[in-house]
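Asker: Chains U and R are the protein sequences, given in the same order.
So the first sequence is numbered by my numbering: it starts at 1 and just counts up by one.
So the second sequence is numbered by my numbering: it starts at 143 and just counts up by one.
Simulated from the structure, these hints should not be mistaken for lab results.
DSSO-like, lysine-lysine: derived pairs with alpha carbons at most 27 Å apart:
id, chain 1, residue 1, chain 2, residue 2
1, R, K468, R, K534
2, R, K468, U, K99
3, R, K569, R, K534
4, R, K458, U, K24
5, U, K99, R, K458
6, R, K458, R, K534
7, U, K80, U, K99
8, R, K458, R, K468
One side of the interface only, derived from the structure: several residues of chain R facing chain U at Cβ under 8 Å:
id, residue
9, H395
10, R398
11, S399
12, M405
Stretch-level coverage of chain U by chain R, calculated; a stretch enters the list once three of its residues show a Cβ under 8 Å from a Cβ in chain R:
id, stretch
13, 7-21
14, 120-134
Cβ coordinates follow ideal geometry from the N, Cα and C atoms, glycine included.
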Amino acid sequence: MTTQQPVLIVMVEDDDGHARLIEKNIRRAGVNNEIRHFPDGTSALAFLFGPQVRAGMPILVLLDLNLPDMTGTDILAQLKADEHTRRAPVIVLTTTDDKVEIQRCYDLGCNVYITKPVDYDAFATAIRQLGLFLTVMQVPSA
Amino acid sequence: MTSGSFGRNILLLMIAGFAALLVTGATAIWLVRKTAADTELVVHSQTVQNLIQRIFSLAQDGETGQRGYLLTGDAAYLGPYERATAGMPEALQSLQRMTADNPAQQARISDLTSAVQDKLAELGQTISIYRSGRQAEAFAAVRSGQGREAMARVRAAVGELSRAESELLGRRSADSAATVSWLLGVSLAALLLIAGVAAGSLLVVRRYTSELHRAQAELAQANTGLEEVVAARTAELVRANEEVQRFAYIVSHDLRSPLVNIMGFTSELDASRQAIARQFERLAETAPGLVGEEAKLAVEEDLPEAIGFIRASTTKMDRLINAILKLSRDGRRTPTPERIAVGDMVAAIAATLQQQTSAAGAEIEIGALPALVSDRLALEQIFSNLIENAVKYLDASRPGRIAVRGRAAGPRIVYEIADNGRGIDPKDHERIFELFRRSGAQDRPGEGLGLSFVRNSVRRLGGTITVASAPGRGSTFTLDFPRVLQRSNESLAA
Numbered sequence: 001m002t003t004q005q006p007v008l009i010v011m012v013e014d015d016d017g018h019a020r021l022i023e024k025n026i027r028r029a030g031v032n033n034e035i036r037h038f039p040d041g042t043s044a045l046a047f048l049f050g051p052q053v054r055a056g057m058p059i060l061v062l063l064d065l066n067l068p069d070m071t072g073t074d075i076l077a078q079l080k081a082d083e084h085t086r087r088a089p090v091i092v093l094t095t096t097d098d099k100v101e102i103q104r105c106y107d108l109g110c111n112v113y114i115t116k117p118v119d120y121d122a123f124a125t126a127i128r129q130l131g132l133f134l135t136v137m138q139v140p141s142a
Numbered sequence: 143m144t145s146g147s148f149g150r151n152i153l154l155l156m157i158a159g160f161a162a163l164l165v166t167g168a169t170a171i172w173l174v175r176k177t178a179a180d181t182e183l184v185v186h187s188q189t190v191q192n193l194i195q196r197i198f199s200l201a202q203d204g205e206t207g208q209r210g211y212l213l214t215g216d217a218a219y220l221g222p223y224e225r226a227t228a229g230m231p232e233a234l235q236s237l238q239r240m241t242a243d244n245p246a247q248q249a250r251i252s253d254l255t256s257a258v259q260d261k262l263a264e265l266g267q268t269i270s271i272y273r274s275g276r277q278a279e280a281f282a283a284v285r286s287g288q289g290r291e292a293m294a295r296v297r298a299a300v301g302e303l304s305r306a307e308s309e310l311l312g313r314r315s316a317d318s319a320a321t322v323s324w325l326l327g328v329s330l331a332a333l334l335l336i337a338g339v340a341a342g343s344l345l346v347v348r349r350y351t352s353e354l355h356r357a358q359a360e361l362a363q364a365n366t367g368l369e370e371v372v373a374a375r376t377a378e379l380v381r382a383n384e385e386v387q388r389f390a391y392i393v394s395h396d397l398r399s400p401l402v403n404i405m406g407f408t409s410e411l412d413a414s415r416q417a418i419a420r421q422f423e424r425l426a427e428t429a430p431g432l433v434g435e436e437a438k439l440a441v442e443e444d445l446p447e448a449i450g451f452i453r454a455s456t457t458k459m460d461r462l463i464n465a466i467l468k469l470s471r472d473g474r475r476t477p478t479p480e481r482i483a484v485g486d487m488v489a490a491i492a493a494t495l496q497q498q499t500s501a502a503g504a505e506i507e508i509g510a511l512p513a514l515v516s517d518r519l520a521l522e523q524i525f526s527n528l529i530e531n532a533v534k535y536l537d538a539s540r541p542g543r544i545a546v547r548g549r550a551a552g553p554r555i556v557y558e559i560a561d562n563g564r565g566i567d568p569k570d571h572e573r574i575f576e577l578f579r580r581s582g583a584q585d586r587p588g589e590g591l592g593l594s595f596v597r598n599s600v601r602r603l604g605g606t607i608t609v610a611s612a613p614g615r616g617s618t619f620t621l622d623f624p625r626v627l628q629r630s631n632e633s634l635a636a
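Start from the sequences and build out the full structure, keeping to the hints where you can.
Answerer: In structure tokens:
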């Protein structure tokens, strides 16, 4: 990612296994940015509205919708409503392929919606492609 | 009052009414005939009375003629006498004939006859004496009182006869009057009886009607209550159904998440195994003594086998979860009723199956299929599933024949998909509609989902599906749909 400051990837994912698999495949695509994993909405929001992000650190959010304490759409809505985080790219990465849910996420301002394939080859391919995509995309500083 | 006792009561009343009518009619006829007979007898008595008077007046006429002749000597005065002698025998005979049934009167009549004969003889005698010129002798004969005495006997006999006949007439008149009163009485009684029966019937009918009304009111109330109960139950069912749908959806999702891990880490595991296997190969080349047989077997056979089973199971589980998800999604979909030309739809489905059909050497015969108003997508899935099944499970021993037929049955339309395929064992007729269940030889690919989806969809369209089948004979699936799918049914059937 071609910005002065390295982009921090914020991964909100309640399933540790998923988180590990995502990280592995992103790394395999050659993305070396730091990845911060938050297993629930509360800790993720605490970080996203915390001092580091306020200070202008560029971030990219990988967001799962099924979280134990809140839904991913709640986090998405809050991010897009906040002055500091509304330009941060949000990639929804979840198991749900419900049309209504997808529409809602795009309405709320998500940039990409990816359904996690259950088949691992497809999953790995999708995440690696996402990684490749991340290497060329521009992220604004917060 | 039950309707049975009502019928019995009405029948009894009607029988009573008709019996009364019958008795009244018979009595009236009998009384009328008796009145006629009485009247005839009265008339008879009056005729007899008239005859008696006529005989008396004839006798007087005879005496009047004799006296006029004896006084004047003029033969012209003999007219009444001659008419009396001419008319008397017939009058007497008539009287005798008319009172033939009354011995007392007969006796009196013979008295009268002899008196009249004596009188007439006396008159004839005096007249013939006078005519022969012996006037003094004739006067003497009159003066002898023989004629007067005979006339007195006649008068007495007439009086008795007349009195007896009057008595008879009085009795008969009284009888006749009594009969008429009887007639009146019986008629009145019958009238009262009929009125009573009518009133009774009216009462019974009114009581029955009012009870009927009350029962109807109760029924209406019960119905209203029933509707409320049904509405409440329906709402409960809809809620429960919605919950089940949501539950199925959530569960499927939550099951998918760990599955991603199992599949993912199995692949990672396999990748690691391959790395180790490669390492083993290199090691076998460079230092064969270091490769343990057990470790080699584990890496090359046991691990791939275990990983293979894990993969097969997770793939199957994924398919099952997807099936549940599809059922749940279909259930949440709102059916949109539109007019569907089912014939065209089935023809299109048959066309898409052309390849399989000709490969199996089968034929699909499409009969007349009535159109209906329903959900196009659901109906298409139902028909294509059933026709596909028919093609899929044909019997190789005979050329396949698949017939799709339809007919209207009042507000509903019935479709049949009949094949001459391998058939289904009767014990599996219910089972085949269950999720993940299959029947017969498992020689065709499938998950046991199709008919489960079909039944689910049929129910959402307010229909029913049944199967009639015998192994080796073929199967007939019968679909029964409302001619018009109501939008309001949607929440109920969802």
